[in-house]
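Colleague: Listed here are the chains, written in short residue letters.
Number of protein chains: 2
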Amino acid sequence: MTQENKIYGDLAERYIAAWNETNADRRRDLIAKTWTETATYVDPLMKGEGRQGIDAMVAAVQERFPGHRFALTGKVDGFGDHLRFSWALAADGQPALVKGTDFGHLIDGRLQSITGFIDQMPAPQQ
Amino acid sequence: MTQENKIYGDLAERYIAAWNETNADRRRDLIAKTWTETATYVDPLMKGEGRQGIDAMVAAVQERFPGHRFALTGKVDGFGDHLRFSWALAADGQPALVKGTDFGHLIDGRLQSITGFIDQMPAPQQ
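The listed protein sequences correspond, in order, to chains A and B. Number 26 in our numbering belongs to position 26 of the first sequence; there are no gaps in the numbering. Position in the second sequence counted from 1, then plus 1000, gives you our numbering.
Simulated from the structure, these hints should not be mistaken for laboratory data. Among these hints, one or two may not hold up.
Claimed, not checked - Listed below are the simulated DSSO-like cross-link pairs for lysine-lysine, each with C-alpha atoms no more than 30 Å apart in a straight line:
no. : chain 1 : residue 1 : chain 2 : residue 2
1   : A       : Lys-75    : B       : Lys-1047
2   : A       : Lys-99    : B       : Lys-1033
3   : A       : Lys-47    : A       : Lys-6
4   : A       : Lys-99    : B       : Lys-1099
5   : A       : Lys-75    : B       : Lys-1099
6   : A       : Lys-6     : B       : Lys-1006
7   : A       : Lys-33    : A       : Lys-75
8   : B       : Lys-1075  : A       : Lys-99
9   : A       : Lys-47    : A       : Lys-75
10  : A       : Lys-33    : B       : Lys-1075
11  : A       : Lys-6     : A       : Lys-75
12  : B       : Lys-1047  : A       : Lys-6
13  : A       : Lys-99    : A       : Lys-6
14  : B       : Lys-1075  : B       : Lys-1099
15  : A       : Lys-33    : A       : Lys-99
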């Protein structure tokens, strides 16, 4: 792994760690280390603006999916200020409930934006 | 296919058609229908700025890979002003030489930016 690849990998790991961190203080600290102050997040289901907005969005997802954790899947890929990686959300020991791929734009090594796409969603309840 | 999905699919198809169009007039026409005037393209190997810059970049790739064509692979995915799709570059009847995934940002239904990631590259020559 080159030094540059390590920077992208570390950033993606901090990003996932923030999604999994249910302690509010530690989560805000991770978000500050990962995102710029004016960062934005958007995917087909939700949006967040600024670190506070992103923190509130992450907290809401944790409340919606108690006992679930995010994990990186496959390899983290980046060049210049561009990043992509895939992830899965699963309950402990269960198959993934949701899978997605996130594209990021970096400024000074922090995330300025993430655009998330969904690769797998639960089938609608009958 | 919903109406919205058709818009994303049509845009991605015009984008690929422009990469394959070796007639300069028709290619510029496709690029104008697909990209905004101030559009930008970046991937790990090259950059293009504005319609002219993007046209020059596409022409250079066509010169580098004569007899090869781009094709969409998998399904085109989009929401709001966000688009992603995967593609393969192959010579007629041959396995793919290069594969990638492009992530786009739209303004008024045209591409304002494409960030391209490489999924498969030829192994370096020994």
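Colleague: Against each hint, give a clear statement of whether it holds in the structure.
Modeller: Quick rundown of the hints versus the structure:
Between Lys-75 of chain A and Lys-1047 of chain B, the direct Cα distance comes to roughly 24 Å. Compliance with the 30 Å bound is thereby established for this hinted pair. For a cut-off of 30 Å, the pair hint linking Lys-99 of chain A to Lys-1033 of chain B is broken: about 33 Å separates their Cα positions. About 28 Å separates the Cα atoms of Lys-47 of chain A and Lys-6 of chain A, which keeps this hinted pair within 30 Å; it holds. With a C-alpha separation of about 21 Å, the suggested pairing of Lys-99 of chain A with Lys-1099 of chain B holds against the 30 Å cut-off.
In summary, the hint linking Lys-75 of chain A to Lys-1099 of chain B is supported, as the alpha carbons are separated by about 16 Å, within the 30 Å threshold. Taking the CA atoms of Lys-6 of chain A and Lys-1006 of chain B, the gap is near 38 Å; set against the 30 Å cutoff, the hint is violated. Between Lys-33 of chain A and Lys-75 of chain A the CA atoms are separated by roughly 21 Å; this keeps the pair inside 30 Å, and the hint holds. Of the supplied pair hints, the one linking Lys-1075 of chain B and Lys-99 of chain A holds, its CA atoms being roughly 16 Å apart against a limit of 30 Å.
For the hint pairing Lys-47 of chain A with Lys-75 of chain A, the CA-to-CA distance comes to about 25 Å; that is within 30 Å, so the pair holds. Restraint check: the Cα-Cα separation between Lys-33 of chain A and Lys-1075 of chain B comes to about 35 Å, which exceeds 30 Å; the hinted pair is violated. With a C-alpha separation of about 11 Å, the suggested pairing of Lys-6 of chain A with Lys-75 of chain A holds against the 30 Å cut-off. With a C-alpha separation of about 24 Å, the suggested pairing of Lys-1047 of chain B with Lys-6 of chain A holds against the 30 Å cut-off.
Annotation: proposed proximity of Lys-99 of chain A to Lys-6 of chain A holds, straight-line Cα distance about 23 Å (limit 30 Å). Pair hint Lys-1075 of chain B plus Lys-1099 of chain B holds up; C-alpha atoms about 14 Å apart against a cutoff of 30 Å. Between Lys-33 of chain A and Lys-99 of chain A the alpha-carbon distance is near 24 Å, which keeps this suggested pair within the 30 Å criterion.
In summary, the structure is inconsistent with hints 2, 6 and 10 from the numbered list given earlier, while agreeing with the others.
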